[in-house]
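Residue numbers (my numbering): 51 to 372.
It is worth saying that the hints were derived from the structure and are not from the lab.
Remember, predicted model here, so these are calculated numbers, not experimental data.
A hint or two may mislead.
Below, simulated DSS-like cross-link-like pairs (lysine-lysine); rule was C-alpha separation at most 25 Å, straight line [to be verified]: (1) K315 x K237; (2) K342 x K226; (3) K216 x K282; (4) K342 x K282; (5) K261 x K226; (6) K315 x K206.
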Amino acid sequence: MFTAFQARKNMLEGAADFWATSLQLATIAVVIGVALEVAATVLEVRENWKNGEKIRVYHWLTFLGSAVIVIGVAWEFWAELKGATAETFLRVSNELEQAKTQSDATSATMDATFAIEKEGGLDKYIHDKTSEIDRDIARLENAEKRAKAALAADEKARQAMVDQLKQRDLTKAQMKIIADAIRGKVKTVYLYPSDDPDSSTYVFSIGAVMKQAGVTVLLMLDTSSNPPRFWKEFPMPGTGAGITIYAPTGAKNSEASAIADAFEKVGIFPIVEGNDPAVPGIPFPAVFIGAKPVPFGGMPGFATTPKMEKFFKKHPPPWDPK
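Please build the complete structure, drawing on both the sequences and the hints.
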C-alpha cells in the first residue's frame with residue numbers, strides 16, 4: 051500500500067513539474083511578445099517622427115504601459131522560478147523526513163515484536179493488555195459511581211438546607227405522633243407566642259396538635275397593650291428562642307415532661323424549665339414559642355442532652371458529612 055502511495059505521489063509531482071515548466075515557458079513567451087510589441091511601437095513612433103508627424107500622448111502611454119507589462123511579467127517569471135526552487139527543496143526535505151519516519155516505524159515494529167515474543171507470545175500480551183483495560187474500566191466505573199453518589203449527597207444537603215430555612219410547621223405524621231404521646235397525660239396547656247412572623251404562625255400548629263390530643267388550649271397574649279398582642283418580650287427570662295416548656299418543680303412538672311418527650315419523638319427538642327418556687331403570674335404547663343433558632347447553629351457539649359445525642363446519632367441531618 052505504501053509503495054502504491056509513493057508511486058502515486060511521484061506521478062503527481064511529475065505532473066506538477068511539467069505544468070510548472072509550461073507556465074514558466076508561457077510567461078517567457080508573454081514577455082517576448084510584449085517586448086516585440088513595444089519594439090514595434092517604438093519603430094512606428096520613430097517613423098512618424100521622421101515624416102514630420104508629432105508624437106502623440108497615446109504613443110507615450112502605449113510605450114509606458116507595454117514597458118510596465120514586460121517588467122511585471124518578467125518579475126512573475128522570476129517569482130515562479132524562485133517558488134519552484136523552494137518547492138524542490140521542500141520535496142527533498144519531505145522525502146528525507148518520510149524515509150526517517152518509515153525507518154523509525156520499522157524499528158519500533160521490530161522492537162514491539164521482540165518484546166511480545168520475550169513476554170511469552172502474542173496471546174499472553176493480548177490477555178495482559180485486555181486485563182489492564184478491564185481494570186481501568188472498573189476503576190472508571192467506580193469513580194463514576196462515587197461522583198454520582200457525591201452529587202446526590204450534595205443535592206440532598208442543598209434540599210435539606212432549603213427545608214431548614216422554611217417556615218416552622220408540623221406535618222400530619224408529626225402531629226399524630228405528638229398527639230398519641232400526650233393524650234391523657236396533659237389536661238390544659240398555655241401557649242405564649244412571640245410576635246415574630248415565624249413564631250406567630252407556628253403557635254397555631256402547636257395548638258392544633260394539642261387539641262388533637264384532647265388538651266384544652268389557652269392562648270396567652272400580652273395584655274399590657276390595648277388591644278392585647280403577641281409577646282415582644284416573654285414574662286419569663288431565658289425563653290427568647292426555640293420552644294421552652296415551663297412548669298414548677300413538683301407534681302405538675304410531669305405534664306411538662308410529657309409534652310417535651312412527645313416533641314422529642316419527632317426531632318424537636320424543647321427546653322424544660324422547672325422553677326421552685328413557681329414564677330408569679332405564669333400558669334403551667336406553659337409553652338413559650340420563641341424566635342426560630344439559627345439554622346445549623348452548633349450547640350456546646352454542656353447544652354446537648356443525652357436524648358438529643360441519641361436522636362441525632364440515629365437520625366443525622368442530611369448536611370452532616372458523617
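Report the numbers of all earlier hints that the structure fails to satisfy, in ascending order. none
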